[in-house]
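*Asks:* Residue numbers (my numbering), protein chains in the order written: chain R, 1 to 135; chain E, 1 to 135; chain X, 1 to 135; chain V, 1 to 135.
Hints are supplied without guarantee of correctness; some may be wrong.
One copy or two, either will do: identical chains are not told apart, so a pair holds if it fits within one copy or between any two.
[Claimed, not checked] Here are the computed lysine to aspartate or glutamate pairs in the EDC-like style, where the Cα-Cα straight-line distance is at most 16 Å:
hint	residue 1	residue 2
1	K84	D30
2	K106	D62
3	K106	E60
4	K84	E96
5	K84	E115
6	K118	E101
FYI, nobody ran anything at the bench for these hints, they're computed from the structure.
Protein chains: 4
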Amino acid sequence: VFVFSRPVRFEEVDAARIVFFARYFNICHDAMEAFFGPLPGGYAGLIVGRKIGFPAVRAECDFKSSLRYGDVVRAEVTVPHVGKTSVTFAYRLVRESDGVEVGIAKQTCVVCELETMKKTPIPDDVRALLVAHAT
Amino acid sequence: VFVFSRPVRFEEVDAARIVFFARYFNICHDAMEAFFGPLPGGYAGLIVGRKIGFPAVRAECDFKSSLRYGDVVRAEVTVPHVGKTSVTFAYRLVRESDGVEVGIAKQTCVVCELETMKKTPIPDDVRALLVAHAT
Amino acid sequence: VFVFSRPVRFEEVDAARIVFFARYFNICHDAMEAFFGPLPGGYAGLIVGRKIGFPAVRAECDFKSSLRYGDVVRAEVTVPHVGKTSVTFAYRLVRESDGVEVGIAKQTCVVCELETMKKTPIPDDVRALLVAHAT
Amino acid sequence: VFVFSRPVRFEEVDAARIVFFARYFNICHDAMEAFFGPLPGGYAGLIVGRKIGFPAVRAECDFKSSLRYGDVVRAEVTVPHVGKTSVTFAYRLVRESDGVEVGIAKQTCVVCELETMKKTPIPDDVRALLVAHAT
Chain R
1 VFVFSRPVRF
11 EEVDAARIVF
21 FARYFNICHD
31 AMEAFFGPLP
41 GGYAGLIVGR
51 KIGFPAVRAE
61 CDFKSSLRYG
71 DVVRAEVTVP
81 HVGKTSVTFA
91 YRLVRESDGV
101 EVGIAKQTCV
111 VCELETMKKT
121 PIPDDVRALL
131 VAHAT
Chain E
1 VFVFSRPVRF
11 EEVDAARIVF
21 FARYFNICHD
31 AMEAFFGPLP
41 GGYAGLIVGR
51 KIGFPAVRAE
61 CDFKSSLRYG
71 DVVRAEVTVP
81 HVGKTSVTFA
91 YRLVRESDGV
101 EVGIAKQTCV
111 VCELETMKKT
121 PIPDDVRALL
131 VAHAT
Chain X
1 VFVFSRPVRF
11 EEVDAARIVF
21 FARYFNICHD
31 AMEAFFGPLP
41 GGYAGLIVGR
51 KIGFPAVRAE
61 CDFKSSLRYG
71 DVVRAEVTVP
81 HVGKTSVTFA
91 YRLVRESDGV
101 EVGIAKQTCV
111 VCELETMKKT
121 PIPDDVRALL
131 VAHAT
Chain V
1 VFVFSRPVRF
11 EEVDAARIVF
21 FARYFNICHD
31 AMEAFFGPLP
41 GGYAGLIVGR
51 KIGFPAVRAE
61 CDFKSSLRYG
71 DVVRAEVTVP
81 HVGKTSVTFA
91 YRLVRESDGV
101 EVGIAKQTCV
111 VCELETMKKT
121 PIPDDVRALL
131 VAHAT
């Protein structure tokens, strides 16, 4: 399990005073970016340097509890599936202050060459990192 | 079917030059806000005036094709389920220029009093609007 | 004066329940995008088609009153300065419901070729549109 | 000088492939939130707990260079003015990799009770923190 924490940001709270639901996916993406930290240049190295991207083909989230400004959210990231050109990430989102589970999300991405947006096999070093967190 | 269209916004495109996946849910939410237009004060009238909200309990999207800056996206909104205190919206997202389906999303919300975040039965006028788009 | 109106978006309101100050600049940018509507393909045609961009070199805003969810904001756009490679836009932001001025903003952009990020003279059709709103 | 650093976020880059200009103000706000870290509960403690806010009355930025995905930005925060009910923050934004100054920003806020949005004198502990970074 890869663990990533960050505070709720001031501008993530909506007119109903809770974190806007679509922002849960931003939190997951932040965790995914951090997940790739061990690679040279991190996620940005993949995108900008190697021009490899991970467009989502599916994303889903069950929202269990709301997040508010002042909360710190922890994402526990695992990798339930690694295919030839696709990968599924699972995220358990927890409010740090009381350990309450606030969301369970899943995201399937394909690995693409960004210039052409064509699928490409997962590079070996990326695969090794993914497999290390497989469940 | 309720239909809503808007251009992709300049800042919705990410470092991979396509609309960031989480933004598809923002597009759906924009469509949902517009859906409530016929009620007095629209969606804002519900949230700010009547202090009734629709926090998501589940959201999912299958991403079929990417959106880029310059595209106009059309959301076709239907209501596959209306319960006592919950409602499910379905969204078919289409790129206007070529009619390509870019995403299929679904979102289940509970109706809440925003002061307490307690579930509340769907008000009659809201229900009538939802039922009119039931599938 | 070019006039552009849009509602405050649900997710633009922050934890203090008012539109986050940085979002005023997003509103101005939305108005600027609409300003370029008369050109073929609009602002997107410039960016994506002709690969010409308008990176800001300076932006400023005086915030006069707050905006809340439910408000519609009107931007009145003028062009106080058109240079060889730069342009200044002025924005008067007004809350539609009561006509209160909520912000006065100004933004100076340079015209660039996006591939190289080098300054380039303002194209003739763009200049004609800008000059038509000069003050 | 209070120093705060963070990477450019994936979704902060716009269709022109550089950080959207309005996001520079988000970076400044992130730095301001961090600035208030030494107070109990940090900035969130002020907003949510004590219901004191800092709505901007003026913000300005000179953009010196662009930021891209993969960059880390450092904000150097100082406090050029502390009044009875208002405060001005100054931000020097620097790209970490090469030390290039990418923006110079300034933001003046009034201190308000969020319930009423009325100005209120800066609380003593807040003032002490501000004065410690006065220039």
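*Asks:* If a hint holds in the structure, say so; if it does not, say that too.
*Replies:* Evaluation of the provided hints:
1. K84 - D30: Classified as neither; 24 Å inside a copy, 36 Å across copies.
2. K106 - D62: So K106 and D62 pass the 16 Å test inside a copy (9 Å) and across (12 Å) alike.
3. K106 - E60: both (5 Å within a copy, 9 Å between copies)
4. K84 - E96: Result: close neither inside a copy nor across copies, 35 Å intra and 33 Å inter.
5. K84 - E115: neither (20 Å within a copy, 34 Å between copies)
6. K118 - E101: Neither, since 36 Å and 18 Å both go past 16 Å.
Consistency with the previously given hints fails for numbers 1, 4, 5, 6, ordered from lowest to highest.
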